[in-house]
Amino acid sequence: MKRKRQRRAEARKRLCAAKREGDKPKGDIYFGITDQLYFAILNQKLRSTPERHCFCIDEEFSYENFYADFGPLNLAMFYRFCCKLNKKLKSLAHARKKIVFYTCGDKKKQANAAYLIGSYAVMHLQKTPEEAYSLLISRNATYLPFRDASFGTCMYNLNILDCLRAVHKALQFGWLDFSNFDVEEYEHYERAENGDFNWIIPGKFLAFSGPHPKSKIENGYPLHAPEAYFPYFRKYNITTVIRLNKKMYDAKRFTDMGFDHHDLFFVDGSTPNDAIVTKFMNICENADGAIAVHCKAGLGRTGTLIGCYLMKHFRLTAAEAIAWIRICRPGSVIGPQQTFILDKQSSLWMEGDLYRQKQCKQENSINKVAVTGILSGVDDISINGTNKRSVPRKTEMYSDGEEEHNGITQGDELRALKSKRQSRASTGSLSVILQSSAQSCKSVKFQSPSDNEDGRKRTRTSLSSNRDSRRTVSRGRKKLHSLQSLRFTRLWYFISFSLSPRSWLSATSSAFNLCLFGQNACLSN
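Counting from 1, position 394 in the sequence shown corresponds to residue 394 in UniProt numbering; the numbering is continuous, with no gaps.
The set of hints was computed from the structure by calculation and includes no laboratory data. Check before you lean on any hint, since a few could be wrong.
[Unchecked claim] EDC-like mimics (lysine to aspartate or glutamate), calculated; alpha carbons at most 16 angstroms apart, straight line:
| hint | residue 1 | residue 2 |
| --- | --- | --- |
| 1 | K107 | E59 |
| 2 | K247 | D263 |
| 3 | K235 | D250 |
| 4 | K45 | D28 |
| 5 | K108 | E60 |
| 6 | K107 | D58 |
| 7 | K90 | D35 |
| 8 | K45 | D106 |
| 9 | K204 | D177 |
| 10 | K97 | E51 |
| 11 | K45 | E59 |
| 12 | K279 | E193 |
| 13 | K235 | D288 |
| 14 | K279 | D263 |
| 15 | K107 | D28 |
| 16 | K97 | D177 |
| 17 | K247 | E60 |
| 18 | K84 | D58 |
| 19 | K98 | E51 |
| 20 | K358 | E285 |
| 21 | K88 | D35 |
| 22 | K98 | D35 |
| 23 | K252 | D263 |
| 24 | K204 | E285 |
| 25 | K45 | D58 |
| 26 | K214 | D250 |
| 27 | K108 | D58 |
| 28 | K216 | E193 |
| 29 | K108 | E64 |
| 30 | K84 | E60 |
| 31 | K108 | E59 |
| 32 | K45 | E60 |
| 33 | K246 | D412 |
| 34 | K84 | E64 |
| 35 | K204 | D288 |
[To be verified] FRET-style restraints, in silico, Cβ to Cβ:
| hint | residue 1 | residue 2 | range |
| --- | --- | --- | --- |
| 36 | N86 | Q359 | 38 to 46 angstroms |
| 37 | N157 | Y355 | 25 to 33 angstroms |
| 38 | S48 | Q357 | 53 to 61 angstroms |
| 39 | K87 | D256 | 46 to 54 angstroms |
Yeah, the Cβ is synthetic: ideal placement off N, Cα and C, and Gly gets one too.
Could you put together the complete structure from these sequences and hints?
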């Protein structure tokens, strides 16, 4: 008779075996996407034949998880999958073959494979999200929902259909355009040693990990000083930085270099109050250029507020906002922040509708006072190119007055995990020079993947002082001449669309004489 300990061990083995069997598909399932393209969930690998070409990406594209999260796969992997599939469909060697994209992994692999082929159908086959999803469930197939990057109980399920709708909205608004997508740059800068940042809306929102007082490696994680971000921010017209975590660096290091900097602190892993959401919206709605948002890891708090903006100004659902942010920057929006975004959906939609109505009324009122605009425009024309009505914009500051708890926070854990899990080959050398924050920002920068690495020094040819002065005068004349021409063009536009024919002739003559006077003054100077 077996002992009690042996019986327990055998029972555990049977339970583990049953669990493994439950993760595998019960039978082979094929889904017809087009007449040539098929998606399959199989028990084992499938070989290609003269009639069909089969391929699988279970090992090639693997999600780098933080904790229990497993997808969706990021934007770079979606791009590479689309390139791979397009190449196979356009290949003359496969012209008369069936193309079978299959997965034989566990349920997590199945969900990511279904998300890829469904998103491909939305982007390249002009399917609606609902049409693409109906193809994936036509054989009564079910898929594991995606979850957040927390280590606790899952509080919110993100379905494949949510991801497909997010991709569809991104295509509609122009956020997703693979003709202008630089996959190598995306993979380069998402790495911790190269800055750890991603664009959520190209040209509008960049999410990044929080800077530190000086660049260094701490507990295996590369930390970057504010100066390390300056070259990239200037290149892509990022004018505003919003900090959501406690003060780790002096904001003057950004403001002294011409960036607007705002503090909107709330505790790591928590949700913002209405005042913070309102201030965030006001800052983003009035920013001159793109906005870089960070907390500690640039995932939870950062993704939450950007998600609120997407719902207000683009009317995305909470699920669509979360899905798109995670596709761009995996691990974003964590724990109670998911339900917070869901609860804010209705109110933010209403605020967005009111905001757009107000904008329309302002545009209509501007059109009605076109004649007044012409007169004020003539009054403001000056030779030196200045506008007497311009007022310097004040930067709104927010003092947090709170401190996070001492010790390791959720953001610290996520940043450490992201640094450790990225074991694949780097797309470039260590891109930041580790120096103290007192050093010049010229020596602390990220190395772009396209930078020349031959080590040759760049030289400048020195010119004589007379030649320099002549070039300066010439440039000044060209600048002033173009300024007067530009103003005359704007004035001509208002005149032609706002005045009667008789008034038009009179105003045109006056404006033309005024602009000629300005140009002659430029030439005489």
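Okay, the hints, checked on the actual structure:
Distance hint between K107 and E59 is fulfilled; the C-alpha atoms sit about 14 angstroms from each other, no more than 16 angstroms. Taken as a hint, the K247 and D263 pair is honoured in the structure, with Cα atoms around 8 angstroms apart against an allowance of 16 angstroms. Distance check on the hinted pair: K235 and D250 sit about 23 angstroms apart at the alpha-carbon level, beyond 16 angstroms; violated. For the hint linking K45 to D28, the alpha-carbon distance of about 11 angstroms falls within 16 angstroms, and the restraint holds.
With a CA separation close to 15 angstroms, the supplied pair K108 and E60 stays within the 16 angstroms bound. About 11 angstroms separates the Cα atoms of K107 and D58, which keeps this hinted pair within 16 angstroms; it holds. Distance hint between K90 and D35 is fulfilled; the C-alpha atoms sit about 14 angstroms from each other, no more than 16 angstroms. The straight-line distance between the Cα atoms of K45 and D106 is roughly 13 angstroms, inside the 16 angstroms bound, and the hint therefore holds.
Taking the CA atoms of K204 and D177, the gap is about 15 angstroms. The hint holds against a cut of 16 angstroms. Straight-line distance between C-alpha atoms of K97 and E51 comes to about 5 angstroms, which keeps the hinted pair within the 16 angstroms bound. Between K45 and E59 the alpha-carbon distance is near 12 angstroms, which keeps this suggested pair within the 16 angstroms criterion. Between K279 and E193, the direct Cα distance comes to roughly 32 angstroms. Violation of the 16 angstroms bound is thereby established for this hinted pair.
At roughly 15 angstroms between alpha-carbon atoms, K235 and D288 fall within 16 angstroms of each other, so this suggested pair holds. Restraint check: the Cα-Cα separation between K279 and D263 comes to about 10 angstroms, which is no more than 16 angstroms; the hinted pair holds. Proposed proximity of K107 and D28 is supported: the alpha carbons are some 14 angstroms apart, at most 16 angstroms. The suggested pairing of K97 with D177 is violated, with an alpha-carbon distance near 29 angstroms, which exceeds 16 angstroms.
Between K247 and E60, the direct Cα distance comes to roughly 40 angstroms. Violation of the 16 angstroms bound is thereby established for this hinted pair. Among the hinted pairs, K84 with D58 is consistent with the structure: their alpha-carbon atoms are about 14 angstroms apart, no more than 16 angstroms. Taking the CA atoms of K98 and E51, the gap is near 6 angstroms; set against the 16 angstroms cutoff, the hint holds. In summary, the hint linking K358 to E285 is supported, as the alpha carbons are separated by about 13 angstroms, within the 16 angstroms threshold.
Restraint check for K88 and D35: satisfied, since their Cα atoms lie roughly 14 angstroms apart, inside the 16 angstroms limit. With a CA separation close to 8 angstroms, the supplied pair K98 and D35 stays within the 16 angstroms bound. At roughly 12 angstroms between alpha-carbon atoms, K252 and D263 fall within 16 angstroms of each other, so this suggested pair holds. Distance restraint check for K204 and E285: the Cα-Cα separation of roughly 10 angstroms lies within the 16 angstroms cut-off, and the hinted pair is therefore satisfied.
For the hint linking K45 to D58, the alpha-carbon distance of about 11 angstroms falls within 16 angstroms, and the restraint holds. Annotation: proposed proximity of K214 to D250 holds, straight-line Cα distance about 11 angstroms (limit 16 angstroms). Proposed proximity of K108 and D58 is supported: the alpha carbons are some 10 angstroms apart, at most 16 angstroms. About 10 angstroms separates the Cα atoms of K216 and E193, which keeps this hinted pair within 16 angstroms; it holds.
With a CA separation close to 12 angstroms, the supplied pair K108 and E64 stays within the 16 angstroms bound. At roughly 12 angstroms between alpha-carbon atoms, K84 and E60 fall within 16 angstroms of each other, so this suggested pair holds. For the hint pairing K108 with E59, the CA-to-CA distance comes to about 12 angstroms; that is within 16 angstroms, so the pair holds. A hinted pair counts as satisfied when its Cα atoms are at most 16 angstroms apart, and K45 with E60 qualifies at roughly 14 angstroms.
Simply put, K246 and D412 have alpha-carbon atoms about 13 angstroms apart, close enough for the 16 angstroms limit, and the pair holds. Annotation: proposed proximity of K84 to E64 is violated, straight-line Cα distance about 21 angstroms (limit 16 angstroms). Distance restraint check for K204 and D288: the Cα-Cα separation of roughly 10 angstroms lies within the 16 angstroms cut-off, and the hinted pair is therefore satisfied. Between N86 and Q359 the C-beta distance comes to about 39 angstroms, which sits within the given range of 38 to 46 angstroms.
The hint said 25 to 33 angstroms for the Cβ distance between N157 and Y355, and at roughly 31 angstroms that hint holds. For the pair S48 and Q357, the supplied restraint of 53 to 61 angstroms holds, since their beta-carbon distance comes to about 57 angstroms. Checked against the given bound of 46 to 54 angstroms, the beta carbons of K87 and D256, roughly 49 angstroms apart, stay inside it.
The structure fails to meet hints 3, 12, 16, 17 and 34 from the earlier list, while all remaining hints are met.
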